[in-house]
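> Each chain, letter by letter, is given below.
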Amino acid sequence: MQTSLEARVAASSAPRSKLLMGRLVRNRWLYFMVLPGLLYFLIFKYWPMYGIFIAFKDFQPFLGFWDSPFVGLKHFERLFGDSNFLVLFRNTLILAAYNILFFFPLPILIALMLNELRHEFTKRTIQTLIYIPHFMSWVVVVGIAYIFLTTEGGIVNELLERYGGEKINFLVSNEWFRTLITAEVIWKETGWGTIIFLAALAGVDTQLYEAARMDGANRLRQLWHITLPAIRSTIIILLILRLGHFLDTGFEQIFLMLNAMNREVGEVFDTYVYSVGISQGQYSFSTAVGLFKSIIGLILVVVSNYLAKKFGEEGIY
Amino acid sequence: MPLKQSWGSRIFDSVNATLLIIFAVLTVIPFIYAIAGSFATQKELLEKGFILFPTEFTLDAYKYIFSTQTLVRSLLVTVYITVVGTLINIFFTCLMAYPLARKDMDFRKPILMLVVFTMLFSGGMIPTFLVVKQLGMIDTYWSLLIPGAISAFNLIIMRNFFQQLPDGLEEAAKIDGCNDLGIFFRIVLPLSMPAIATFSLFYAVGHWNTFFNAVLYINDNTKWPIQVLLRQIVILASGGIGDSTVMEADYVAPPEQSVKMAVIVVSTLPILLVYPFLQKHFAKGVLLGSVKG
Chain C
222 MQTSLEARVA ASSAPRSKLL MGRLVRNRWL YFMVLPGLLY FLIFKYWPMY GIFIAFKDFQ
282 PFLGFWDSPF VGLKHFERLF GDSNFLVLFR NTLILAAYNI LFFFPLPILI ALMLNELRHE
342 FTKRTIQTLI YIPHFMSWVV VVGIAYIFLT TEGGIVNELL ERYGGEKINF LVSNEWFRTL
402 ITAEVIWKET GWGTIIFLAA LAGVDTQLYE AARMDGANRL RQLWHITLPA IRSTIIILLI
462 LRLGHFLDTG FEQIFLMLNA MNREVGEVFD TYVYSVGISQ GQYSFSTAVG LFKSIIGLIL
522 VVVSNYLAKK FGEEGIY
Chain Y
222 MPLKQSWGSR IFDSVNATLL IIFAVLTVIP FIYAIAGSFA TQKELLEKGF ILFPTEFTLD
282 AYKYIFSTQT LVRSLLVTVY ITVVGTLINI FFTCLMAYPL ARKDMDFRKP ILMLVVFTML
342 FSGGMIPTFL VVKQLGMIDT YWSLLIPGAI SAFNLIIMRN FFQQLPDGLE EAAKIDGCND
402 LGIFFRIVLP LSMPAIATFS LFYAVGHWNT FFNAVLYIND NTKWPIQVLL RQIVILASGG
462 IGDSTVMEAD YVAPPEQSVK MAVIVVSTLP ILLVYPFLQK HFAKGVLLGS VKG
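Chains as they are written, first to last, in my numbering: chain C, 222 to 538; chain Y, 222 to 514.
By construction, these hints were calculated from the structure, which means they are not laboratory data.
We put the CB at the ideal spot given by N, CA and C, even for glycine.
Don't take each hint at face value.
In silico DSS-like pairs for lysine-lysine, Cα to Cα no more than 25 Å straight-line [stated by the list, open to error]:
1) 388/C to 269/Y
2) 330/Y to 395/Y
3) 284/Y to 264/Y
4) 530/C to 354/Y
5) 264/Y to 388/C
6) 444/Y to 354/Y
7) 531/C to 330/Y
8) 284/Y to 269/Y
9) 264/Y to 324/Y
10) 284/Y to 444/Y
11) 501/Y to 344/C
Here are some, though not all, of the chain C residues that point toward chain Y, as calculated from beta-carbon distances under 7 Å [stated by the list, open to error]:
12) 260
13) 326
14) 347
15) 356
16) 368
17) 370
18) 486
19) 497
20) 502
21) 508
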């Protein structure tokens, strides 16, 4: 009985495994090609994920990963009990809220305006110009902001002084930090952000506009009743996805804008991880902070993707 | 009635166009100011404040920054990273994307999921730093070339592109005795040149703009890429570039603002030069990106 069962199993699986073996051999070059990439992802993406365990240890470089003592949730307790935690959370939320309130609507507005532009050459030229800053590094963008705003010969302060005002120390002040961050994002990314909306607008049936004109609808009414509904689902999906990345405040930008005088309003999770982890060498604690952020981020992304998909399916009808 | 409608429509159009032109001009004015300022004399910068075109043209700022070893070295480092880095990116991205596009390959779904997961979750800054450190890459250019060798996002777009190539080509090549490696290098890659060009441009811009990885992994300031040096000069303003070799007795250093602007122009120029090509490609690239994965 026993042997016959084994024989049967062997008999039934033999052709399949032979087939698989055959395919593996036949496709050996494909596996050979996939190997370097696979190793890359394992070493540079999955090994660090494994390294997250140091968040539960007191990692000391000279002891190494294995011999560092296990401390459980000590670092998380420290994080949640730390007064910095609330500050980080508040700064992140406020910066994200600024971004959604003041930046998010602008690419939609500019895309709608571009879409109304009949003159093709003007439209092209404007597009060409407003996409440029997207390709500049944050160092260049922040650098130009510094050149404009510095109190030592910066054009803005020179003009303020010339016309009877007082110099404002924009770059080292708590009050101006969030405004500057948002303004820089607007400058760098508004133009680029229009692309996806323009693509959605290109899909609108022009017959709808003709029909509306026949019915006596003016341009604003056409905009309201045809154009906006056409990109509504794109707007909502992008908004949901943006919310999914709520914690991802632009790290490089904030890192560059941050200094001792505006840390109180500017420090966010990523910059905190850098200064505690790299500058102060508290690897385990900073990994715990990073892990907390990653997990919240993962949950937000998964939920928002789910919502976007759900909405996308409903949007099609 | 139709006349009135068209008047309202015309006003709408002109207001709309005017606002857009103002927006476009505001977008580029900071760059123009930086370029103009880098060629201006100190006198003009101080007197006029805001200039878009210098009346007195001078190359002092450029002479000054190119007389320093620091800037030239940083530029060379960045050119090296950009060229070698882009080659590495393209080679490994394509090499991995192609097998994953082949329907007859086993395990491609799990491998793909392994890749997609890295887009959702990552080890984070410190564990990645420790891995790079453990591999002995700190203070070597490898740390700027290898840890970002494959972008999961680009890999998936590239794979989608390969999937759209007709199957018949591969069949024909196989009958002619070509193995998969041969198919990839002799048929698939040559057919994919437009996509490869697009990705090269985007990867190259990314390398040229490399900043934070260098802050993280490169402590040796003789190996700094241009963006890190730019931050040092413009944002941290730690004494500017210290090793100018212009040593004449009556030499007056050019104004600090002009020097900063010149460094910004130099570190931006290559991107502005490839920009027309980028622009030709990126609409396509963005559309490629919207192809469902």
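> All the hints need checking, so say for each whether the structure fits it.
These are the hints, each one checked on the structure:
1. 388/C to 269/Y: 18 Å, holds
2. 330/Y to 395/Y: 24 Å, holds
3. 284/Y to 264/Y: Status holds; Cα separation ~18 Å.
4. 530/C to 354/Y: Violated - the C-alpha atoms of residue 354/Y and residue 530/C are around 40 Å apart, more than 25 Å.
5. 264/Y to 388/C: Within the cut-off at roughly 21 Å; holds.
6. 444/Y to 354/Y: Judged against 25 Å, a Cα distance of about 17 Å means the pair holds.
7. 531/C to 330/Y: 24 Å, holds
8. 284/Y to 269/Y: 23 Å, holds
9. 264/Y to 324/Y: 68 Å, violated
10. 284/Y to 444/Y: It holds: about 22 Å lies between the C-alpha atoms, which stays within 25 Å.
11. 501/Y to 344/C: Distance of about 15 Å is within 25 Å: holds.
12. 260: It is violated, given that the least Cβ distance between residue 260/C and chain Y is near 10 Å, above 7 Å.
13. 326: 14 Å, violated
14. 347: Constraint on residue 347/C satisfied, holds at 4 Å.
15. 356: 5 Å, holds
16. 368: 6 Å, holds
17. 370: Violated - the Cβ of residue 370/C stays beyond 7 Å from chain Y, reaching only about 11 Å at its closest.
18. 486: 18 Å, violated
19. 497: 9 Å, violated
20. 502: Interface hint status for residue 502/C: violated (10 Å vs cutoff 7 Å).
21. 508: 5 Å, holds
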